[in-house]
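Q: Residues per chain, in single letters:
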Amino acid sequence: MKNLKYITIIILLAVSASRTFAGDKEDVQAVLDKSIEAFNKKDYKTYWSFFADDNTEFPYVVSPLRHDAAGWKGFIEGTATLAYVNYHQQDIQIQTYNGSTAVVTGYYTFTWMEKGGQMNYQSGRTSMVLVKQDGKWLTVHMHFSKMF
Amino acid sequence: MKTLKNISFFLFVFLALGFTSALYAQTPVPSAEDEVIALTYKIWKAEMNNDMVGMNKYLSDDYTEFNPTYSTRVDGKKLNVSLSEAISMNSGMILAAEMLNPNVQVYGDVAILSYNYAGVNKDNEGKMTNNKAKSTRVYVKMNGEWKLVHANFALDPMED
Numbered sequence: 006m007k008n009l010k011y012i013t014i015i016i017l018l019a020v021s022a023s024r025t026f027a028g029d030k031e032d033v034q035a036v037l038d039k040s041i042e043a044f045n046k047k048d049y050k051t052y053w054s055f056f057a058d059d060n061t062e063f064p065y066v067v068s069p070l071r072h073d074a075a076g077w078k079g080f081i082e083g084t085a086t087l088a089y090v091n092y093h094q095q096d097i098q099i100q101t102y103n104g105s106t107a108v109v110t111g112y113y114t115f116t117w118m119e120k121g122g123q124m125n126y127q128s129g130r131t132s133m134v135l136v137k138q139d140g141k142w143l144t145v146h147m148h149f150s151k152m153f
Numbered sequence: 016m017k018t019l020k021n022i023s024f025f026l027f028v029f030l031a032l033g034f035t036s037a038l039y040a041q042t043p044v045p046s047a048e049d050e051v052i053a054l055t056y057k058i059w060k061a062e063m064n065n066d067m068v069g070m071n072k073y074l075s076d077d078y079t080e081f082n083p084t085y086s087t088r089v090d091g092k093k094l095n096v097s098l099s100e101a102i103s104m105n106s107g108m109i110l111a112a113e114m115l116n117p118n119v120q121v122y123g124d125v126a127i128l129s130y131n132y133a134g135v136n137k138d139n140e141g142k143m144t145n146n147k148a149k150s151t152r153v154y155v156k157m158n159g160e161w162k163l164v165h166a167n168f169a170l171d172p173m174e175d
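These protein sequences, in sequence, are chains G and P. Read the first sequence against the working numbering and you will find it ends at 153, with the numbers running on by one and no gaps. Read the second sequence against the working numbering and you will find it ends at 175, with the numbers running on by one and no gaps.
By construction, these hints were calculated from the structure, which means they are not laboratory data. Keep in mind that a hint or two might mislead.
Said to hold, decoys possible - Restricting the straight-line Cα-Cα distance to at most 25 Å, the calculated cross-link-like pairs of lysine-lysine (BS3-like) are:
| id | chain 1 | residue 1 | chain 2 | residue 2 |
| --- | --- | --- | --- | --- |
| 1 | G | LYS30 | P | LYS92 |
| 2 | G | LYS141 | P | LYS156 |
| 3 | P | LYS57 | G | LYS151 |
| 4 | P | LYS147 | G | LYS30 |
| 5 | P | LYS156 | G | LYS30 |
| 6 | G | LYS137 | P | LYS162 |
Based on the provided sequences and hints, a complete structural model is requested.
A: Here is the structure:
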């Protein structure tokens with residue numbers, strides 16, 4: 006009877022722990038989904054709310070690292086002039102560490118239409134790092150590169 | 016006389032302690048930034064010496080990598096080690112490996128190192144090539160040691 010109690014407690018702790026870790030990945034996925042939705046709707050205020058102030062980026066077509074989102078901000082908000090944008094991520098994998106860091110990797114497609122009606126398409130690989138600050142997952146680094 | 020001896024002893028201990036603490040104060044503690052940059056050069060040195068064990072021992076078990084050789088992500092230390100060991104058998108020599116514009120972001124036990132890679136290789140026929148890339152490495156401190164959990168090694172966009 007005593008053993009049964011211990012086993013029950015261990016099982017409950019294990020279930021609780023697995024839920025905690027699964028929760029991190031789900032939370033990160035939710036942030037990614039909201040961030041992408043905000044970008045596609047051109048809601049830049051919401052989009053930037055998912056970024057840390059010191060975020061950095063390796064864009065697809067540029068060699069140097071973008072610091073503090075200055076160049077990245079220009080690029081993102083420059084898409085406001087386009088008639089249509091659609092960013093999509095797929096085959097995402099999320100690695101989490103210590104409940105406060107997530108490495109997200111996957112593949113993306115970016116489709117946009119210019120005001121004249123010309124359609125453009127880009128696809129590639131992406132690595133992202135998110136950290137939990139004050140209880141909120143924020144993107145601190147993104148790396149976009151072409152498919153080989 | 017005994018009092019003088021006691022004073023001399025305490026003076027000696029006081030000076031010795033002061034000297035030791037001064038030594039400690041002068042020993043610079045490497046920052047996380049310095050550590051991950053130094054570790055990356057250590058990994059490159061192992062690769063240049065074809066020391067695959069030394070090169071791969073800093074990978075975490077769940078390490079993932081994007082590289083220019085394969086289109087899709089390579090998952091897990093075991094698979095990455097297996098491929099890198101096979102590639103090393105006929106890959107010539109790395110003559111130089113440097114990082115340009117290194118940037119390190121540190122968040123607790125996590126360090127993100129981003130840089131533009133500049134390297135010089137010599138193949139088995141003696142042909143020299145210059146390599147350039149944009150790279151991201153994500154290190155996590157596990158049991159007091161930095162482990163590489165993810166890397167994105169992408170060709171420089173200007174390579175096209």
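Q: For every hint, state whether the structure bears it out.
A: Verification of the hints:
{"no.": "1", "hint": "G:LYS30 - P:LYS92", "in the structure": "21 Å, holds"}
{"no.": "2", "hint": "G:LYS141 - P:LYS156", "in the structure": "22 Å, holds"}
{"no.": "3", "hint": "P:LYS57 - G:LYS151", "in the structure": "28 Å, violated"}
{"no.": "4", "hint": "P:LYS147 - G:LYS30", "in the structure": "34 Å, violated"}
{"no.": "5", "hint": "P:LYS156 - G:LYS30", "in the structure": "20 Å, holds"}
{"no.": "6", "hint": "G:LYS137 - P:LYS162", "in the structure": "20 Å, holds"}
This entry does not satisfy hints 3, 4, going by the numbered hints stated previously.
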